[in-house]
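Got chain A sorted already, so can you dock chain B onto it with the hints?
Chains as they are written, first to last, in this note's numbering: chain A, 17 to 355; chain B, 169 to 1043.
It is possible that some hints are incorrect.
Listed below are the simulated DSSO-like cross-link pairs for lysine-lysine, each with C-alpha atoms no more than 27 Å apart in a straight line [to be verified]: (1) K342/B / K318/B; (2) K361/B / K350/A; (3) K350/A / K419/B; (4) K196/A / K690/B; (5) K196/A / K178/B; (6) K801/B / K222/A; (7) K318/B / K222/A; (8) K295/A / K178/B.
Derived from the structure by calculation, the hints contain no laboratory data.
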Amino acid sequence: MKTNRKLLLGLLLTLAMVLPQGAAAQETDPVFRVDTNLVVLTFTVTDGKGRYVNGLKPTDFRILEDGIIQKIATFSEGNLPAMRVKPDGGLEPIVPVRATGPAAGGMGTAESFADTLAGTNVFVLFDTSNYMYRGFVYASDAVADFVRGLDDADSVAIYTFSRNLSRATNLTRNRNDAIKGLRSAVVGDDAALYNALLLTLRDAAKVPGRKVVIVFSNGPDSASMVAPDDVRRVAEEEGIPLYVISTAEANQDRISTNVFRRIAERTGGQAYFARSWQKQVEAFEAIREDLGNSYTITYYPQLNPNMEFREITVELSPDPQGKKYKIRARPGYKPRSGS
Amino acid sequence: MVLETVNPTKAFITVDSGFPLADLEQALRTNRPFSFDMTPTKIPILYGPEYWMLDDPKKEKSPIQTFLSDPAMCRLYLSLAKLEKNTAELIRKDIEFEKLRAFSHVIDFYGAMFHVENGRVMVPGGARTQSKWENLVGASVAKPSEFFLKLMAVDDGWLACYYDALYRIEGPVKDYLTEPQRMERFYEALRGKITSPGPARPVFRANTDMLIFTHRLRLDADGRPHVPGTLAVWKTLFADKKVVDDKRLRKAAPSWQEPDDLIAALFALSRSYIENLPLRMFVATSEMNRLRARPLEPATVEVLLEDYQTLRSQYSLLAEAPELSDEAIRQFVVAALETQRIRNENLRADTVGSLQGLLGLWQIYTRHGILSGTEVDSTFRKIVETIGKPDNHAQLFANARNATTALLEATGGADGNDPQKHLVSMLAGVRDANDPAILAQQTRAINTIVDAQNLLTVTELFTLDDQLKGAASGGQIDTTLVNRLTARIGRIQSARASLSTEEKNALSFGRNAEEHVERERKVRLRAEVDKNASSPEKLMELREVLAPHLRDALVGLIYAHYAPPGGQILLTNSQFVRYHDFSGMPGSDFSWAPTEVVGVGWSATSGGRLMGSLSELPYALAQAEQNFLVPEKEQALIWGDLVPQVILTATVPRWWNVNPTQLHYVALLQRAGKSLLAESVVDLEVRKLVMASLGRWSNPHRVSEVRNAIEHHDLDFAMEQLMPSELFRIGLDVLAANKALRSPIYSEIRSLQENAEVKMETISDLFGSPKPALTHSYRPELLGLRTMPTLMGYSSRLMAETWESGALYWAEVSDRLRMKPEELNIAVPEWTRETVEGIFATHLEDWPALLRSMRRVGEDKVNRRAENAPMAGAQ
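This is chain A alone, in the form it adopts within the complex:
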């Protein structure tokens, strides 16, 4: 099997999480060789009235992949830092080891390391194609409000797209920088939504910790070379939920609507159809709520010969049949070839 370079950063960080504290004191830098895929799973739990259920513990969940029980490596709720899950199900802070190479960036102290894992890395992909001429400013206002309302621990990147992607603001916790980037966007040209979404996912995949991509688009796509489901597959592999806010009426373009719904649901995100500014604000509010009330766990898959789509099931111990609570998670993923 081959080591996938794309995974290196995440794998090294996760290995750092699960190594005993004493390793940090060793004189020589440890060398890790990893031949597995880390699965990152973000999900929400709601009750019968649609209210988020908070305060659950790792021992409250059973994660199954094709029916095979998985061992949870790390656990976090909302924007709290990820914690290592001990064999008894208890939690303990993640302690970094000294590491070298590209994956070691920013891992100076335990605090700063934990800091990188706190909050969510939110990538906003904003449509600046010809489709957006009319509602551009209102849409921009809605995005700006969303950025301002994010949790302090969250980082945000503002990307825009028409025929090409533009990285208006790279990932930052500075809300003013993000909004400046947003306000500098100009509108025009074709819409290569799925091309841009793919590039955004590639960037997001390089960042450690929890991340989501929020697409704000009028649709439909007019210039992409990649298909929506190819992009969705990348999101699934990387464990990145996609949220889509479409400014078009859901019934205007049924094919785009279906695609938006599918790529959002299959990655554990949501699709919203919000034509008015007010609805857009509400959609962003709903996403923010989701981010603040979701659980994120990681695990290394147990041996499984299935190299096609692996179905993930999240069970809540008090409600294994899912009668009382609803869990919204991505339904599964297709492992990378070579793993």
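Just chain B, lined up with the frame of chain A:
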């Protein structure tokens, strides 16, 4: 505080204008003062604002308002800005404003070559053509304003167009075309009887084919224009009603006596962008002869003309290898046409794909010298002959395998037990590569794409084939291999798999592409092998299911070789290679047509894909991948047609055959160019030589800009204006013209010039760029042409092709960085990607934006290396 957008239109314009809205918002939210300097920026206006208000006596509009409301005025402003400064000043003063405005379109397209020196018009062809031009125009060259005004007016701009085309070229062809009697004759042919609409009326210049023709016409040793085949071949062609629509031309053709008669007829056709097929045929076949030791035989030319419409895009393959014999070319034409007679569409597409895949590999190996001498021709012929016209897929597999074996034998890979590895290593580099690490990196890049596309390898297919054959005589089949291939085939997904019914209904593929993939994925290899284990004959029949996979394996290698830097499709869409559509739309056959990008931008597709033959694969792949590059600033104008060509300069040429001496020589010449430019500030003799050289490679406007800067001792400005290719030429020309010039750089150049490895032909091969639209070939070359403008049918593609600075500049940068030439195989694609992402252009012909971006990337590399280098004497 609640901030609300009340007027979205005004808000949009505010944002678009660059107003710092985010700062204002923040100030309001935090109750802090906000200040913004509203002092207007002064924009220098050419000739001052008054000139542009001449038709507005009440001065009610500012020049900006005038430009916005009057396109002709706006165009006049832009076109005068492109003119040679003194010439522009002269005509502006002498010609009434309204008249100039009426000809703004002609000035815009053809004014860049207007040039006055010492009060006289510098006409194409010089002194000997002066009186002829005066006759044609109806004004004296000593009266420049009158001359240019009439030049623009004659025949609704056709004479100006002709003047421009002749001014742009240099050398013996220019001498030939500007021979006074001939020049007049050709113009008469060009203008015809109906001169309207003029060539400057459309949005783009309509004389594309005339420019290509005048740039690519060449003379034989006897000084007469080269005619592919014989004149008789062309007489027959021109007499054919199906080919030539113009009755007068058809009638005149049988009485032609001289090549000049043909050239006149070609000029007559060159005024039309359509219906000029014989002109295109002439240029294409002429290019095929250009590098050949012996020109194509008339019979071969006849065959090529006969099947031009069907096979024209394949002529670039034939033109790139002058070693190909006439027999090989004729054999290819016959074989290609034979494939069209295969009735089973799937078999036809797989046959064509396998043949083109193998010829694509042959082309790459020939380009990089892995195949050379007689091997070039013999291997080509073996491939074409061996593929033939198979009756079924099992036969196709056997033929394709044998043809692959022929290629392996010719490239030294016949003895190895891993043909895939051999084919890949030859694509990644060359035999005996000096830097195994670079070779390994290139190999990895190809293998990553092969893996991402779930392609079966040539080795796996051949091994299984051997085992199927062996089983007939009691041998064993390796179940591990069968299982592995079965699993790989199982990973091929249907593009329809995850789509809703509505999406499936909206889905459109080429008729064959989908079937090809479906046939591949439905094969249960392990089950078939098990089922037929007891029947050797049936096991042998299983080879038929391997044929489509072998096609994809071969085609996939070529895709991987040309994969552009920063590309995503081949890593994301695992069906991209398999979905290559060799058949095309219903009712047509695209098997031998140019490669096209199709299926872009609609949710209900399996993603874009490529259709047609593999002839334009490098360009089409670059087109498909260009939108994955992330520009640092928004821009689009220059992007669509220029960027794929810029990408080509990084994906087609490779650096394995460049040696350090050649790299250093090219770098030295550019440094010599800079040094001579600096000397020209103080040394009038050097200045004269520098300007003479520059005048040959650049247009009058830029020459005068540089001259003016030098005269004002503004060396930095002058340096900024010059392209690396111009500095290279100045170095060559001036040092050749004045052998008394002395400096360590000049001495080193002269010393290196005694060495055969820096002959201009070699340097052109190694540091040139491919120009498929202009030269009908992907062979990298340095042609030293003036940068072309945007043209109808090509937009900025020809401009990009005549921009030859890429490899020359990277060579100079790498020489400063003391890099090994082979390292550029990795570095140049990456630097090119950065260059493209840094382009910030303001109009379609803004190639200086490309130059700025490229220099910024290069200097950044040099500076970073300097920063990282340990300080001298540091411990």
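- With a cut-off of 27 Å on the C-alpha distance, tell me whether K196/A and K178/B pass. holds, 18 Å
- Take the C-alpha atoms of K196/A and K690/B, compute the straight-line distance between them, and say whether it is at most 27 Å. violated, 53 Å
- Within 27 Å, alpha carbon to alpha carbon, are K342/B and K318/B? Distance of about 23 Å is within 27 Å: holds.
- Within 27 Å, alpha carbon to alpha carbon, are K295/A and K178/B? holds, 23 Å
- Holds or violated: K318/B to K222/A, with C-alpha atoms at most 27 Å apart: Not satisfied, since the Cα-Cα distance of roughly 64 Å exceeds 27 Å.
- Holds or violated: K361/B with K350/A, Cα cutoff 27 Å? violated, 68 Å
- Given pair status - K419/B, K350/A, alpha carbons within 27 Å: Outside the cut-off at roughly 69 Å; violated.
- Message: Please verify whether K801/B and K222/A have alpha carbons no more than 27 Å apart.
- Response: holds, 23 Å
Figure legend: structure checked against the earlier numbered hints; hints not met, in rising order: 2, 3, 4 and 7.
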